[in-house]
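Visitor: Model the full structure from these sequences, guided by the hints.
Going by the working numbering, 58 is the number at position 58 of the sequence shown; the sequence numbering is gapless.
Check before you lean on any hint, since a few could be wrong.
The list that follows gives simulated cross-link-like pairs (lysine-lysine, BS3-like), each with its CA atoms no further than 27 Å apart [claimed, not checked]:
id : residue 1 : residue 2
1  : 275       : 126
2  : 218       : 275
3  : 113       : 194
4  : 210       : 81
5  : 275       : 113
6  : 81        : 218
Here are the computed distance ranges between Cβ atoms for each label pair [as the list claims (entries may be wrong)]:
id : residue 1 : residue 2 : range
7  : 128       : 83        : 34 to 42 Å
8  : 283       : 83        : 42 to 50 Å
9  : 49        : 73        : 42 to 50 Å
10 : 55        : 197       : 40 to 48 Å
11 : 251       : 49        : 37 to 45 Å
12 : 80        : 49        : 25 to 33 Å
13 : 252       : 276       : 36 to 44 Å
Source of the hints: derived by calculation from the structure; they are not laboratory data. Computed from a prediction, not measured in an experiment: that's the story for all the values here. Cβ coordinates follow ideal geometry from the N, Cα and C atoms, glycine included.
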Amino acid sequence: MSIERAIVMLCGVAAAAVAAGSPASAADDRFVCWDPSPAQLAADVEYWTPDRRAAAVPETFGLTTPPGADALAAPMVASSKADVAVAPYSYGGKLFYSRGGNDYSASAQFLSKDNTVLAAAHSMYKGGNQATNITFYRAYDGGGGTKFDIENAAVLAGWPGIADDAPSPQKSALDYAILKTSANSDAGKFALGKDADFVDVTLIGYPVAKEDGAHMYKQPSQRIATIGDAFQAEPNDLTQGASGGAWFIGAAAPYTAVSSISSGSGGKVYGPVFKDLTQDLVDYVAAGCQ
Numbered sequence: 001m002s003i004e005r006a007i008v009m010l011c012g013v014a015a016a017a018v019a020a021g022s023p024a025s026a027a028d029d030r031f032v033c034w035d036p037s038p039a040q041l042a043a044d045v046e047y048w049t050p051d052r053r054a055a056a057v058p059e060t061f062g063l064t065t066p067p068g069a070d071a072l073a074a075p076m077v078a079s080s081k082a083d084v085a086v087a088p089y090s091y092g093g094k095l096f097y098s099r100g101g102n103d104y105s106a107s108a109q110f111l112s113k114d115n116t117v118l119a120a121a122h123s124m125y126k127g128g129n130q131a132t133n134i135t136f137y138r139a140y141d142g143g144g145g146t147k148f149d150i151e152n153a154a155v156l157a158g159w160p161g162i163a164d165d166a167p168s169p170q171k172s173a174l175d176y177a178i179l180k181t182s183a184n185s186d187a188g189k190f191a192l193g194k195d196a197d198f199v200d201v202t203l204i205g206y207p208v209a210k211e212d213g214a215h216m217y218k219q220p221s222q223r224i225a226t227i228g229d230a231f232q233a234e235p236n237d238l239t240q241g242a243s244g245g246a247w248f249i250g251a252a253a254p255y256t257a258v259s260s261i262s263s264g265s266g267g268k269v270y271g272p273v274f275k276d277l278t279q280d281l282v283d284y285v286a287a288g289c290q
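Guide: Structural data, given as structure tokens:
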């Protein structure tokens with residue numbers, strides 16, 4: 001389905017999606033926002049016990065094992081473990097959430113504001129279900145990390161209408177979500193890069209194929225193409241569990257997130273081109289979806 005068709009559908013779909021959850025506000029019909037964790041925040045017992053985190057399964061959306069280097073336009077370079085004690089890796093972490101009766105894990109990071117986190121839309125909304133029980137552990141490293149509760153989650157209003165479509169660059173263009181944390185980042189954040197022009201880029205995430213997703217990995221990569229409002233990069237061996245991880249540029253602060261991991265196969269990876277609309281979504285969520 002094209003982005004244009006998705007946008008045409010957004011009004012009815014957005015209304016249905018908000019009705020399914022606990023809406024924060026209907027102030028901007030470009031976005032679908034909900035309160036994902038009212039019961040969790042009010043409960044005396046933490047939902048995400050160590051056992052539950054260990055049992056959470058990674059997202060499987062279109063991220064598959066890479067092939068040999070001869071199938072890629074860019075040289076195959078293996079990923080390596082990132083040091084989450086230093087920037088910009090310290091901005092990122094592991095995301096835990098429930099959706100459709102199952103517990104999942106993915107990747108996320110602080111972006112643009114001290115109280116907003118970037119994640120994948122396909123983690124937050126799929127199969128007609130909004131994510132709940134969302135918790136972000138910044139600098140997660142074999143456990144631990146700084147815990148942040150999530151007060152609001154939002155996706156672009158066009159996303160629910162294409163959430164169950166097959167992976168494609170057109171779908172990746174809308175595949176991001178913004179989350180509002182209950183406390184400000186204690187370690188900084190990525191700047192937001194809009195309509196970015198770059199070649200070399202670093203991807204980060206928590207792929208389950210690497211040490212069961214216990215540690216953040218970094219992948220040197222290159223932008224190969226821009227397809228509509230999506231980027232294609234190679235190589236990539238960050239697969240299931242890395243969904244939502246940032247693509248960033250910069251050798252020193254300020255580090256800039258130019259995209260995030262959406263889908264990919266054969267060592268190729270796709271992610272959205274961030275726009276002015278992305279900043280509008282960040283601002284909207286940071287203000288409590290008002």
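Visitor: Please go over all the hints and tell whether each is borne out by the structure.
Guide: Quick rundown of the hints versus the structure:
1. 275 / 126: holds (23 Å)
2. 218 / 275: holds (24 Å)
3. 113 / 194: holds (15 Å)
4. 210 / 81: With Cα atoms ~9 Å apart, residue 210 and residue 81 stay inside 27 Å; holds.
5. 275 / 113: Holds: residue 275 and residue 113 sit about 16 Å apart, inside 27 Å.
6. 81 / 218: Status holds; Cα separation ~6 Å.
7. 128 / 83: 34 to 42 Å: Since residue 128 and residue 83 have Cβ atoms about 39 Å apart, the given range 34 to 42 Å holds.
8. 283 / 83: 42 to 50 Å: The hint (42 to 50 Å, Cβ to Cβ) is violated, given that residue 283 and residue 83 are roughly 31 Å apart.
9. 49 / 73: 42 to 50 Å: holds (44 Å)
10. 55 / 197: 40 to 48 Å: About 42 Å separates the Cβ atoms of residue 55 and residue 197, which means 40 to 48 Å holds.
11. 251 / 49: 37 to 45 Å: This hint holds: roughly 39 Å between Cβ atoms.
12. 80 / 49: 25 to 33 Å: With a Cβ separation near 30 Å, residue 80 and residue 49 satisfy 25 to 33 Å, so the hint holds.
13. 252 / 276: 36 to 44 Å: The hinted range 36 to 44 Å is violated for residue 252 and residue 276, with Cβ atoms some 26 Å apart.
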